[in-house]
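Undergrad: The primary structure of each chain is shown beneath.
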Amino acid sequence: MQTDTEPTAVQATGATGAAQLPQVTEARNPGMVLDMDWVRAVQANTSAIERRCKTLPGRRSVKKSHQAAWLLKAITCIDLTTLSGDDTAGRVRRLCAKAAHPVRPDILQTLGVEGITTGAVCVYHDMIEPAVEALDGTGIPVAAVSTGFPAGLSPFHLRLEEIRESVKAGAHEIDIVISRRHVLTGDWHALYDEMKAFRAACGEAHVKAILATGELGSLRNVARASLVCMMAGADFIKTSTGKESVNATLPVSLTMIRAIRDYHARTGYRVGYKPAGGISKAKDAITYLALMKDELGDRWLQPDLFRFGASSLLGDIERQLEHHVTGQYSASYRHPMG
Amino acid sequence: MTVKEIFETMDYGPAPESAGEAMAWLDGTGRAFGSFIDGKLGAVGETFEAKNPATGEVLAQLTQATPDDVDAAIMAARRAFGAWSKRPGHERAKYLYALARLVQKHARLFAVLETLDNGKPIRESRDIDIPLVARHFYYHAGMAQLMGSELPDREALGVCGQIIPWNFPLLMLAWKVAPAIAMGNTVVLKPAEYTSLTALLFAQVCQEAGLPKGVLNIVTGDGRVGEAICTHEDVDKIAFTGSTEVGRIIRRATAGSGKALTLELGGKSPYIVFDDADLDSAVEGLVDAIWFNQGQVCCAGSRLLVQEGVADRFHAKLRARMEGLRVGNPLDKVIDVGALVDPVQLQTVTSLVDSAAGEGEVFRAPCDLPENGCFYPPTLITGLSQSSTLMQEEIFGPVLVSTTFRTPAEAVAMANNTRYGLAASVWSENVNLALDVAPKLVAGVVWVNGTNMFDAAAGFGGVRESGFGREGGWEGLQAYTRPRAKPVALKSVAPVAAPKDAKVDALDRTAKFFVGGKQTRPDGGYSQPVWSPRGALLGHVGIANRKDIRNAVEAAHAAKGWSGTTAHLRAQILYYIAENLSARAGEFAHRINRMTGKRNGAREVEAAVSRLFSYGAWADKFDGAAKPVPLRGVALAMNEPVGVIGAFCPDDQPLLGLVSLVAPAIAMGNRVVAVASEPYPLAATDFYQVLETSDVPGGVVNILTGAHAELAGTLAGHLDVDAVWSHSGADISALIEDASAGNIKRTWVNNAKGRDWYGTAGEGREFLSQATEVKTVWVPYGE
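Top to bottom, those sequences are chains A and B.
This note's numbering puts the first residue of the first sequence at 1, with every later residue one more than the last.
This note's numbering puts the first residue of the second sequence at 1, with every later residue one more than the last.
Please keep in mind that the hints were generated in silico from the structure rather than gathered at the bench.
Incorrect hints may appear among the rest.
Subject to a maximum C-alpha distance of 25 Å in a straight line, what follows is the list of computed DSS-like cross-link-like pairs (lysine-lysine) [what the hints assert, rightly or not]:
#1 A:Lys293 x A:Lys54
#2 A:Lys293 x B:Lys4
#3 A:Lys281 x B:Lys105
#4 B:Lys94 x B:Lys105
#5 B:Lys333 x A:Lys283
#6 A:Lys196 x A:Lys168
#7 A:Lys63 x B:Lys4
#8 A:Lys283 x B:Lys4
#9 A:Lys64 x B:Lys4
#10 B:Lys333 x A:Lys64
#11 B:Lys333 x A:Lys54
#12 B:Lys4 x A:Lys98
#13 B:Lys333 x A:Lys63
#14 B:Lys333 x A:Lys281
#15 A:Lys293 x B:Lys333
#16 B:Lys621 x A:Lys54
Isolated chain A, as found in the complex (with noise of 0.2 Å):
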């Protein structure tokens, strides 16, 4: 277990699934009152923002064993997902398998490195049990996405109740989806006592606010959906369900991190942020770690803080270490498959 309470002591290697969690090694964001002072003066420069991720990539790079360390920093960050209509039991207990053992024992060793395993791993209600079975004694959490994901839209005494049930089933990890409508009317005292319930339903189990940023509109409405989740006492938020048209982006990534910024600024509490959808390349991965490195600091940088929510990313990455270590291009058979 981690004791360390010292919040940049974050142990990186062979950490147990608590410690992956940011209400071990930071205080939990306990939330705030809305102030809608705060949210009405949000401004999200669209075409600004587009600039800066742009030119990102070009001002960013990382080479040879940095670009190792990352990849497997990135590793360590992704919250390793299956939500399909056809998922069972077993196919559960391999996709468990592979987040414990994400990369080839043989090449972890070239590199000097051990114990490596995924953030998490992310599942429906229904696939909570086989999971937190499979993941026994490997410390890698269980996330479950809920709150009738992906569109949020059944009752709401039922989203809590499912928040409930999930927690109870050993989720350690909620990903709510919040209600997109209330975005789009700008009706923000719901979208915040909406939040609010849904934290509290989440008790121990920490709380990841889905805003689905494809259906939102405008960066604007990202940032300030942004800001009332964590006024209502998100531990993250979360980009997207990955079922939306649009996913994650760099642009929408850089507004809702300026938005946890300015939120740690005021409050002094850390957010952590997940990008979701659409993150399949070891060179986009990289990206996004730089950007939380320059915009938010190399705390943001451990998965207690920061998630992919991806499922073809570990692939990609898996053949950069090996071509890292070998010289070679690599193929994807040569590594086990989730």
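Since chain A is already given, all that's left is putting chain B on it; use the hints.
TA: Okay, now just chain B, sitting in the frame of chain A:
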């Protein structure tokens, strides 16, 4: 470091671009260069060193071109000019296209060589400089193609001397060379002595493109080489980018030579952040504004003006951002700020900042600087006031100075409280505010919610002491072409001498000056008689002196509301002037006939009425443009009035000449101080009565009489006059150009050439261009 250690620290680590290819190219040249003259790299002469400012390493030996070299280069350009300018536009377009393609093919070599020679981060040379170079040649290949059909009335100037700075060595070459050769000119280019290597690589590219010899010549060396070009008799045009100080010297050196001149000089560009801006984006914008190219950018947003209510928060965000800036080896791809160009520049920046010690609060980015090389940390100085030296002087380094404002009006006032006028940035999410402020800023370029955006299609250039002329777009071609119309001989007319037998009219008529809408007496109290050739005393006119000029300029400034009136209103007033002049046509014709002793009066009045109609028509039709820049947004080219224009009127057509200068000026929203025809001043003094009855606000047109040669120095030297025109019969072109250097005002002088005021040369776009400044307002958008 092991992977495991890096996994813990998550450092970036080095990501160096290889210098191998560029070094191999230098080795292949023997690392010693002569000048590029008549298609050949010449012999190496007396040399100086090209150094890498990041390391001090000597890269190559460059030749200090001799006066003979300059002469040979200019002669080669002259020899090439005839054939080159006569080639069909399509032929020239093919060469420019080839140059663009070759720049792209050698893009990485150019980028690495530029970074080695200049010290700028490889990311910038690779992602910004070199792509823009190619873009300029592509764009101007198109201009060469279209010249015949779209600019049928304009022709090449001849041999262009071009002197470029060290901050964007190849990009400035492209900005100068591409439009020049596209329009059929030939070029003698002098790169900066610190940074000549990419120009010499470009010379090789010209050979690969088969560019006819002599079309582009490159002479290397220090300021003496530039001086030799500027003072050479056989050069038709000088284009200079560099410091205001040197620009002023060039203005004086070329005064009266008949050389066309464009100057792109220094700046202290304001970066205005309103309280409703996206502050994080505005902070990031500053990284691109003042830490781009180590702040060695003439249009750098170097003067931060933040609305008071958000200033503390903004500065805190900015300091936090600065902590993430990485300074170091320019060839490292993960470097934000590279090396200053030379130890001399490092010393200049250091001493400027140190000399102001104690003023403001200095914050330096806490970055690791390399031990050697010309590195200076990104610096923010807050708490300064307008009167601080650092708020006024161009630092030309990675140093941002900051102060606060309360209201939009105060922001505009502070932004404009400078001798410079190159660029400005405005950050606000309120479209009303941003689009209201942009036109009020005295600058050639305004970026709304952005900074340092450039494109070949958009004009770039300054006002005030930031220079004159535009580079890029259709407006940039003005600088490399002239009207095709053949100039005619200047008609200089001496005043009619006093007759032996004076015939004096019974009633004394006193013509006065017209200043601020009032008839005023000469300050000096002196007048002179105006005689008809037949010996009749036609009246007296005042002899204006310095103070009359001062008063007239003050009156013109007081009438600044004119510039804000609608074009429709200005059109109505011009038509009204025409109407009132027409009503008194007979009287004016008679007066002209009596003064000149000829019978052209009626024709001249009719032409003047027509001319007023022309500019009434033009007032609301000299359109700006929306430029197709590669951006989701618009770049608006707005034709703005120049400001206060001093105009010396032609001798021979006393009414038509006056109207030909005043009408386009006021049509475009300028205010004018006109000095009437020296020999025939009474048409102008009669004309003010027409103005008085035509709803022209006081001060918009001011009319003085007197000796042009006496007044030219004062008017051209006046630091609050924005442009001076002379179509005088007096030989004052040199005087005006020389005196104009004080505030680098625009000049338009006849160089002892006349023009047919009745014909097409007497009106139209040439006059309107002189009466306007193109301001490019970049408005990126998107929600």
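Undergrad: Each hint: holds or not?
TA: How the hints compare with the structure:
1. A:Lys293 x A:Lys54: holds, 16 Å
2. A:Lys293 x B:Lys4: holds, 18 Å
3. A:Lys281 x B:Lys105: violated, 29 Å
4. B:Lys94 x B:Lys105: Since the Cα atoms of B:Lys94 and B:Lys105 sit roughly 16 Å apart, the hinted pair holds (cutoff 25 Å).
5. B:Lys333 x A:Lys283: holds, 15 Å
6. A:Lys196 x A:Lys168: holds, 19 Å
7. A:Lys63 x B:Lys4: holds, 15 Å
8. A:Lys283 x B:Lys4: Answer holds: A:Lys283 to B:Lys4 is near 20 Å, not above 25 Å.
9. A:Lys64 x B:Lys4: holds, 13 Å
10. B:Lys333 x A:Lys64: Holds, at roughly 14 Å.
11. B:Lys333 x A:Lys54: The given pair, whose Cα atoms are some 15 Å apart, holds under the 25 Å limit.
12. B:Lys4 x A:Lys98: Holds - the C-alpha atoms of A:Lys98 and B:Lys4 are around 21 Å apart, at most 25 Å.
13. B:Lys333 x A:Lys63: Holds, because 10 Å separates the two Cα atoms, which is no more than 25 Å.
14. B:Lys333 x A:Lys281: holds, 20 Å
15. A:Lys293 x B:Lys333: holds, 16 Å
16. B:Lys621 x A:Lys54: violated, 39 Å
Checked against the numbered hints given earlier, the structure breaks hints 3, 16 and satisfies all the rest.
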